[in-house]
Amino acid sequence: MATEPIDIEMAGTCVGPNGSAIGMPQLCFDWWGNQIFWLVLALIAIYLILSRVALPRIGAVLAERTGTITNDIAAAEDLKAKAVEAEAAYDKALLDARAEAQRIVADAKAEIKGDLDVAIAKADAEIAAKSAESEKAIADIRASALENVAVVAKDTAKEIVAALGGKADAKTINAAVTARMKG
Amino acid sequence: MATDTSGAEGGLVFHPMDQFIIKPFFGSGEVAWYTVTNATVWMFLAVIAVFLLLVVGSSKRAVVPSRMQSVAELAYGFVYKMVEDICGKEGVKYFPYIMTLFMFIVCANFLGLIPTAFTPTSHFAVTVVLALAVFLTVTVLGFVKNGASFLSLFWVSSAPLALRPILALIELISYFVRPVSHSIRLAGNVMAGHAVIKVFAGFAALLAVSPIAILGITAMYGLEVLVSFIQAYVFTILTCVYLKDALHPHH
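In order, the protein sequences belong to chains A and B. Numbering of the first sequence is given in the working numbering, commencing with residue 1 and proceeding in unit increments. Numbering of the second sequence is given in the working numbering, commencing with residue 1 and proceeding in unit increments.
Hints listed in this document are in silico derivations from the structure and should not be mistaken for laboratory results. Take the hints with a grain of salt, since some may be wrong.
Label pairs and their calculated CB-CB ranges [stated by the list, open to error]:
no., chain 1, residue 1, chain 2, residue 2, range
1, A, E64, B, L206, 52 to 62 Å
2, B, I214, A, N18, 21 to 31 Å
3, B, L136, A, F29, 15 to 25 Å
4, B, I48, A, E64, 23 to 33 Å
For every residue, glycine included, the Cβ atom is placed at its ideal position computed from N, Cα and C.
My request is simple: use the sequences and hints to build the entire structure.
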């Protein structure tokens with residue numbers, strides 16, 4: 001912009017005839033009025049823009065953001081508390097379930113033991129019955145065997161007596177055999 | 001910031017201050033108070049930039065911000081925190097005024113870094129108005145809020161009694177120097193940087209030194225990017241400090 005041709009009419013107290021500044025243009029008071037006028041307008045414009053639109057809006061946005069962040073943190077803390085709660089509930093449920101399972105196991109054991117006892121008692125009774133029966137049968141067999149032995153002994157004694165040529169009196173032999181067998 | 005400063009004669013001619021000349025943007029002629037000049041155009045562009053950044057950038061009101069909205073929120077938070085930290089809760093009321101100053105200066109500074117751009121904040125006319133506005137507002141506010149006890153700002157009650165009149169004189173002088181330093185600091189920094197870039201650009205016409213000149217321009221440009229922001233920040237933070245004095249004048 002320095003070498004742009006400057007009209008002769010512009011030349012004056014502040015600009016030399018060659019278009020160059022005389023001294024400091026800042027100190028050329030011919031130009032102050034113009035700058036001050038436009039500066040005041042610019043400042044008023046900026047002030048109106050800021051105070052009417054920009055600053056309230058940005059302030060609101062910042063406040064909203066702070067609010068949102070606070071709310072989010074509160075919500076996060078809520079959720080965290082809920083998570084802890086849920087964990088506690090889960091632990092409790094787990095403990096309950098474990099206790100329940102143990103109870104069921106104990107119940108089942110008791111039930112099985114009862115059944116088993118009943119079955120064992122029944123089996124014992126059956127065994128006892130069977131053995132009593134068997135003992136009775138054995139006793140019978142033994143008794144009949146003894147009887148048979150007596151009969152066989154008497155018969156044998158009669159035969160022996162007959163074979164020896166004696167005349168055996170059945171009554172006497174019987175009495176003798178019975179007496180021997182008792183002895 | 002045009003770089004073609006070599007004169008028509010072929011020798012090196014420097015016109016580092018020509019970039020600050022105010023001239024009509026449309027046509028030519030006298031610069032009257034209402035004329036649309038290059039300064040007007042770049043102030044207007046600064047307003048547009050503020051509008052684009054803070055209004056268009058935040059128009060979606062997204063909870064999860066876009067890039068533009070992030071920058072807008074960053075600027076808002078930056079100035080808001082500055083006002084709140086320095087002036088306290090009562091200062092928040094004046095946040096829009098301070099934000100206006102900051103956004104105007106920062107946008108004008110950065111737009112002025114575009115090659116061939118004009119920088120309104122390099123002119124004392126602009127910075128003096130800004131500084132005087134702060135000075136007058138703070139002074140009036142101090143008296144309205146505190147009445148005559150605002151004058152206790154100059155009466156250092158923690159100093160020994162004998163020293164207090166002298167300190168009061170020094171405090172008074174420093175109080176009235178505030179707008180001067182406040183305005184010259186900003187315009188001086190911006191003007192100096194731009195002028196130095198222009199001087200380096202003048203040397204770029206010499207083949208032997210042009211690489212160094214271009215390096216120098218690059219380095220100065222980087223520095224100017226920093227200065228653009230830092231000076232806007234300094235201007236704003238000083239405004240906050242002065243405002244704090246008006247709200248709480250007791251040392």
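Results of checking the hints against the structure:
no., hint, in the structure
1, A/E64 <-> B/L206: 52 to 62 Å, "holds (59 Å)"
2, B/I214 <-> A/N18: 21 to 31 Å, "holds (27 Å)"
3, B/L136 <-> A/F29: 15 to 25 Å, "holds (20 Å)"
4, B/I48 <-> A/E64: 23 to 33 Å, "holds (27 Å)"
Against the hints set out earlier in the document, no violation occurs for any number.
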